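Reading the sequence shown from the start, the letters are residues 1 to 76 in our numbering.
It is worth saying that the hints were derived from the structure and are not from the lab.
Be aware that a few hints might be false.
[As the list claims (entries may be wrong)] Computed cross-link-like contacts, DSBU-like style, restricted to lysine-lysine with a CA-CA straight-line distance of at most 30 Å:
#, residue 1, residue 2
1, Lys70, Lys27
2, Lys7, Lys70
3, Lys27, Lys7
A quick note: this is a predicted structure, and the numbers were derived from the prediction, not measured.
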Amino acid sequence: MMIEGLKEAIERIGGQANLARAIGVSKAHVWNWLNREGHVPAQHVLTIEDATGVPCWRLRPDLYPPERFKNACKQS
């Protein structure tokens, strides 16, 4: 589910390079999250949420459980 949230964020913003630019990291970081690490680092979750509208609980449900954060995070 974490990868699906990241894929959705990438799609919404128009690609990995656009996401990287929007949150101030390299495209390689985004690629690594998607293809190696399997998740967005905690410190980038809320920035990605702001940039793309993908809610925090879709990006890291292990940190932001949907049952607790659906109302606290932005809704897509």
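Hints, verified against the model:
Pair hint Lys70 plus Lys27 holds up; C-alpha atoms about 29 Å apart against a cutoff of 30 Å. As the CA atoms of Lys7 and Lys70 are separated by approximately 19 Å, the hinted pair is consistent with the 30 Å bound. Between Lys27 and Lys7 the alpha-carbon distance is near 14 Å, which keeps this suggested pair within the 30 Å criterion.
Of the numbered hints stated above, none is contradicted by the structure.
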